[in-house]
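S.K.: Sequence:
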Amino acid sequence: MDDPTQPKPSEILAALIDFRDAVAAQFARVDARFSQVDSRFAGLESRMDERFDRVERRLARLDDRVFGVEERLSAVERRRKR
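Converting from the sequence shown to the working numbering requires adding 1265 to each position, the first position being numbered 1.
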């Protein structure tokens, strides 16, 4: 005879299906959130790359200016020594 305190197989199957559906829905939400974070990170990464490129160009210009000043000072020193 069946034990009335035990769930029926159909109830167990229904609970397992509900659990599977809940897990699938949660996974879809987490996956969507990761996609959002991934796209935001890609945008941040490209903006940081642009900023680094601007800084590198600026440093290169400053380096060229410093080199130019050093060259002029060397020329002045050579003229003074004559």
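Misleading hints may appear alongside valid ones.
Claimed, not checked - Listed next, with one range per pair, are the computed distances between beta-carbon atoms:
| no. | residue 1 | residue 2 | range |
| --- | --- | --- | --- |
| 1 | Gln1291 | Asp1328 | 47 to 57 Å |
| 2 | Arg1316 | Val1295 | 27 to 37 Å |
| 3 | Phe1317 | Arg1337 | 43 to 53 Å |
| 4 | Ser1275 | Gly1308 | 41 to 51 Å |
Rather than coming from a laboratory, the hints here were simulated on the basis of the structure.
C-beta atoms are modelled at their ideal positions from N, C-alpha and C, and glycine is treated no differently.
S.K.: Work down the list of hints and note, for each, if the structure agrees.
M.R.: Hint check results:
1. Gln1291 - Asp1328: 47 to 57 Å: About 54 Å separates the Cβ atoms of Gln1291 and Asp1328, which means 47 to 57 Å holds.
2. Arg1316 - Val1295: 27 to 37 Å: holds (31 Å)
3. Phe1317 - Arg1337: 43 to 53 Å: Roughly 30 Å apart at Cβ, these two residues miss the hinted range, so it is violated.
4. Ser1275 - Gly1308: 41 to 51 Å: holds (50 Å)
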